[in-house]
Amino acid sequence: MIAYNSQSLDNLYIQEQIEMAKGADCITAEEYNAVITAHPVDLYTPNPYMRIGIFILTVVILMFSFGFFCLLSMSGGEGAFTFLCFLFGGGSYGLAEYMVREKRHYKSGADAALIWGAGIFLLSALGIATNGDAPVWVWSFVALLLSVFFVMRFADVSMSVVAHLSFLGLIFSGCEKLGAIAKLVVPFAVMLASAGIYFLSVKLIAVHTYRHYKKCLQMLQVCALITLYLAGNYFVVREVGNEMFRLDLQPGQDIPGGWFFWILTVTLPLIYIYTGIRKKDRILICTGLFLIAGIVYTIRYYHSVAPLEVAMTLGGLMMVGVAYALIRYLKTPRHGFTEASSDEKHAMESLQIESLVIAQTMSHAATPRPDQFELGGGSGGGGGASGDY
Amino acid sequence: MDIDLFEQLQKEGTISAASAEKVRTITASRLFSVHWELKTILYLGVLLLSGGLGILIYKNIDTIGHQVILLAIALACGGCFYYSFRHKLPFSRTKVPAPNSFFDYILLLGCLLLVTFITYLQVQYNVFGTRYGAATFIPMLVLFFSAYYFDHLGILSMAITNLAAWMGVTVTPLQLLTNNDFSSYTLIYTGLVLGALLIITALLSHRLQFKAHFSFTYSNFGTHVFLIANLAGMFAAYDGPYGLWFLLLVVATIFFYSQAMKQHSFYFVLIITLYAYIGLSFIVVRLLMNAGSEGGIYAGLLYFIMSGIGAILLLINVNKKLKTA
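For the protein sequence lines, the chains are X and R, in the order given.
Under full-length UniProt numbering, think of the first position of the first sequence as 1, with each following residue one higher.
Under full-length UniProt numbering, think of the first position of the second sequence as 1, with each following residue one higher.
Be careful, since some hints might not be right.
Computed footprint of chain X on chain R, listed as stretches where at least three residues anywhere in the stretch have a Cβ under 8 Å from a Cβ of chain X [said to hold, decoys possible]:
| no. | region |
| --- | --- |
| 1 | 6 to 19 |
| 2 | 32 to 39 |
| 3 | 50 to 62 |
| 4 | 239 to 246 |
| 5 | 306 to 320 |
If you are wondering where the hints come from, they were derived from the structure by calculation, not from laboratory data.
Cβ coordinates follow ideal geometry from the N, Cα and C atoms, glycine included.
In isolation and in its complexed conformation, chain R is listed as follows (with noise of 0.2 Å):
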C-alpha cells in the first residue's frame, strides 16, 4: 500500500492515526511473495517430465531399456501417490486447500504418469479389454477419483476432456473448434447431451453441497459444449429445420441466463450473449438471404450495425444490474 498517500489521508483527518500506523507496519513488513513464479516453474517442469517420460516409453518399445524405462515410470508413480495420500489432509465434502503449493503438483504428476502407464498396458497387452471404450474410460475414472478424492481442479479438468473423448467430442479448449467434425449429427447430439450431464451434475453439486466448488469448472465447460453443439446444429441445418434449434438456443440462453443472473456471474452474462448474439444473427442473415435482393445486403449491414449497439447497451444494463445487486 502506498504511505505517502495514507499519511494524506491521515493530515486531511479522514482517517485516524491508529490506522495509518497499522497501514504502516503492514506495508513494511510486507513480503515478496514468488508463489506463482514457482508454481509455474512444477507446472512447466510437470509438463515436461510427463511428456518426456509419455515420448520415452513408445520410442524404445522394442529395446531392453524399455522395461526399464515402465519400471521407472511405475516407481515414480507410486513415489508420488504415496507422497499425495502421506501429506493430504482429510477428505471433506467441501473445499480442502492443498498441505503446499508442491502437493498440487506432485498429485498431478502421480495422475498423468498413472494414466500413460494404464494406457501403456492397454494398447501393448489389452489388459481391460476393448470394449466400452476401456483405453479412455479407465484413465477417466482413475482421474475422477483422483480429483474427488484429493480436491484438484485441474485433475477434474482433465477427467472432464477425458469424459468428453469418451464420448467422442474433444473439448481441450483451444481445440473445442478444430477438432471436432460439426456437420455429423451424432457430435452434434453427443454434444448436446454431454453439456446438459455436465450442467446437471453442476447444479447437483451445488445443491447437494457435494465438493460445491468445482460447479463453476463443470458448468464452464457444459455452457460452452452446449451452445456451441446448439449452434452447430443450427449450421448444419442450413436447408432444413433451422428455426426447430434456434427455438432451443432461445430456451437455453433464457436458462443459462436465469443461472447467470443467480450465480452473480459477469463471466457467463457475457459468454450467453455472445453466442445468443451469434445465433440471432445467423437466423437474421439466413432469412434476409431468402429474400435475395439487393436491398438484402443493406438490410444485412444494418441489422449487425443496430444489433450491435442493442447488444452493448444489453451488456451495459446488465453490468449496472450485477453490481448493485
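Chain X on its own, in the form it takes in the complex (with noise of 0.2 Å):
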C-alpha cells in the first residue's frame, strides 16, 4: 500500500541507528562504514530548512498555475471550473506519484504541498459541484476518505491530523440525527471513539508490518489523548452543548451530570501524567502536562478563584518551586529518570529556539508602556504574559 519501497526505508532506520551507534562510541569506524554501504538509501530526503522552502515554493507554483488556468477558462462558468478542480486534485495528486516513485522524493517538501493540494482541490471540486450544501456527514465522510488514503500511501503524519477530526466530525454529525437525546450521547461518543483510536494506535505501533507508520502513529496517539479530553471537559460539553443544542443556559446554570464532567476535567490529565511516569511514555507525560491548562482554564471560567495577577503570582511560584524538587530529586538519576539532556540531539538546540520565545513572550511582560499606567494604573502592563492562561 505505501507508496515507498519498503526496503529503502528500512535502510533508511538502519542508518539512523547506525548513526546513533556510532554517536554513542559503541562501534568502530569499519563497522560503520560497512553497514553504510550494506544498507544504501536512494531517497531523495533535503534539509528541514531545505524542505519548508520547496513546500513555500510549490504551494506558490500549484496557486499560480491554479489562477493560470482560471484565466483561460473563465468564459465556461461554474462547470468548467469544477472540471478544473478536479483535473488539479487529480494532477497534484499524480504528480506526488511522480515525484515518489520516480525521483525517490521523501520527505522533501514537495511531496507534502501536493498531497495537500491534492485533498483541497478535490474538496472544492465537491464544494462547487454541490454548491457548497452539501451535509457534513458526506464533507467528513470524503475528508476522511482522502486522508486515509493518503496516510496508509505516503505515511504523511498531517493528514493523520485530518483523518482523525474528519472521523470524529463523522461521529458527530451521525450523532446529531438521534434528535433529542444526541445532546447527552455526543459526548459519550466522541471520548469512546477517541479511546478506541487511542488503543487501537497503541497496538498498530507495536506490529512489525505497521512500523513504517510509526510518526502518523504517535501523532495519532496525541490527537487522541486531547480530543478524548476536550470530549469530557466541563467547558466544552457546556458551551458547545449550548451552541449545538440551542439549550439556552443561563450564567451559573449546571448542565444534567454536571458533576461527572467535572471529575473529567480534573482527573483525566492527572491520570494521563501517572500513567505516563509508570509507563515511561512521553506522548502520556506531555499531553498530561499540556491539558493541566486546560483544568486551570476551566475552572477559572467559572469560579475566579483569585484575581488574574494573583493567581499569576502563586501558579509561577508553584511552578517555580515544583521544577526546583524535581531538578533536586532527579540530580542522581531515581526510577529510571533523569533530569540531565539526553544525548540525542533536540531540535530545540539546534535554532536556539529556547531563546527565541524567551525574546517574543519576555520582553513585553518587563517593560510595561508608560502611558498605561499613568492614567492611575486601571490596566495592567504586563499583559504580554497573561494571554497563556
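Reassemble the complex: the two chains are provided individually, in unrelated frames, and hints are given to aid placement.
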C-alpha cells in the first residue's frame, strides 16, 4: 500500500540507528562504513529548512498555475471551474506519485505540498459541484476517505491529524441525527471513539508490518488523548452543547450530570501524567502536562478563585518550586528518570528556539508602556504574559 | 537504540559481538530524560511569576500594599542574583555552560524583575531623567551585561529586542511585521542601521572569538531586520526609485549568501532565498504593470510558475553543495 520502497525505508532506519550507535561510540568506523554500504538509501530527503522552502515554493507554483488556468477557462462558467478543480486535484496527486516513485522524494516538502493540494482541490470540487450545501457527514466522509488514503500511501503525519478530526466529525454528525437524545450521546460517543483510536494506535505501533507508520501513529495518539479530554471537559461540553443544541443555559446554570464532567476535567490530565510516568511514555506525560492548562482555564472560567495577577504570581511560584524540587530530586537518577538532557540531539538546540521564545514572550512582560499606568494604574502593564492562562 | 536490529546486524556479520554487546549495555542502562519537560515548567513558572508581579505593582499603585509588593520584588530579584552569582561558573571568552538547568531560569527571573523594578522607578520617580530614552536604555544595559557576564542566550535575545525598542523598532519575532509602520522612512532607515549593526556585531564576535556562539543570535535578528527594512523601502518607493532599493537588495543578498555558505547554514540560505524571491517578484510585477496590457497578467502568472520551479531547483542545488561540503 505504501508508495515508498519498503526496503529503502528499512535501510533509512538502519542508517539512523547506526548513526546513533556511532555517536555513542559503540561501533568502530569500519563497522559503520560496512553497514552504510550494505544498506544504501536511495531516497531524496533534503535538509529540513530546504524542505520548508520547497514546500512554500511548490504551493506558490500550484496556486499560480491554478490562477493561470482559471483565466484561460473563464468563459466556461461553473462547470468548467468544477472540472478544473477535479483536474488539479487529480494532477497534484499524480505528480506526488511521480515524485515519490520516479524521483524518490521522501519528506522533501514537494510531496506534502502536492498531497495537501490534491486534498484541497478535490474538496473544493465537491463544494462547487454541490453548491456548498452538502451535509456535514458527506464532507467528513470524503475528507476521511482522502486523508486515510494519503496516510496509507505516503505515511504523511499531518494527514493523520486530518483523518482523526474528520472521523470525529463523522461521528458527531451521525449522533446529531439521533434528535433529542443527541446532546447526551455526543460527548460519550466522541470519548469512546478517541479512546478506541488511542488504544488501536498503541496496539498497531508495536506491529512490525506497520513500522513505517510509526510517526503517524504517535501523532494519532496525541490527537486522540487531546480529543478524549476535550470531549469530557466541562467547559467544552457545556458551551458546545449550549451552542449546538440551543440549551439556552443561563450563566451559573449547571448541565445535567455536570459533576461527572467536572471529575473528568480535573482527573484526566492527572491520570495521563501518572500513567505516563508509570509506563515511561513521553506522549502521555507531555499531553498531560499540556492539558493542565485546560484544568486551570476551565476552573477559572466558572469560579474566580483569585484575581488574575494573584493567580499568576502564585501559580508561577508553585511551578518554579515544583521544578526546583524535581531537579534536586532527580540530580542523581531515580526510578530510571534523570533531569540531565539525553544524548540525542534536540531540535530546540539547533535553532536556539528557547532564546527566541524567551524574547517573544518576555520582553513585554518586563517593560510596561508608561502611558498605561500614568492613568492611575487601572490596566495592567504586563499584558504580554496574560494570554497563557 | 533498537537491540533487535543490532543483533540482526551481528548475525549478518557486519558488526562484531563486542560492539553489539556495547549497544546492549548502553540501551539497557538508558535513562528516561525529563530535561525539557522540567525546563518547560520552569519557563512557564517564570513567565507567570514575572507577569503576575508586573501587573500587581501597577494595580495596587495607590494603596499601602504597594510598598510591600515593591519590597517583595526587590527581595526576590536580589535573591535571584545572589543565587546566580553564587552558582555561576567563572567568566570566559568562550561558551560557559550553565551549572544546572535551574540556573538559567532563576537568572532570567532576576533580570525580568530587575527590569520591572527599574522601569517602575523611572516612570514613577523619573530617577534616570528623560533624556536619551532612559526608560529603555538602562534595562538594555542591564540585559546586555547579564547576557555576557552569565552567558545566557535568552537574555541576549531580550537585550537585542530592547536595543531595537530603544532605537524605535519592534523586533519581537511575531510582532516584527505587524507592529511596525513600514511606510515611514525613519523606521526603514533605522531598521537598515540596526540590521547592519547586528550583523557587524555577529561578524566581530566571530572574528575576535569573544562569545563566538552569540553570533548566530545576532545575525539571525540582523538578517531579518535588514532584509525586511530593505523590502519595505522598496515597497514604499513604489512610484519612486525602487530600482535603487532593488540594487541594495541584490548587494545584500550576495553578501548574506556568501556568509551563509561559509557557515554551512541551511537556515540562512533558506530565508535569504525567500526574501530575495519576494524582492525579485515585486520588481517583475511592478515592471509588468508598467506595460499595463492584458498579456501582462498572463506573463505575470507564467513568471510565478517558472520562477517557483527555478527557485526550487536552486534550493535543491544549494542543498547538494552544502551537504557534500
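Violations among the numbered hints, reported as their numbers in ascending order: 4
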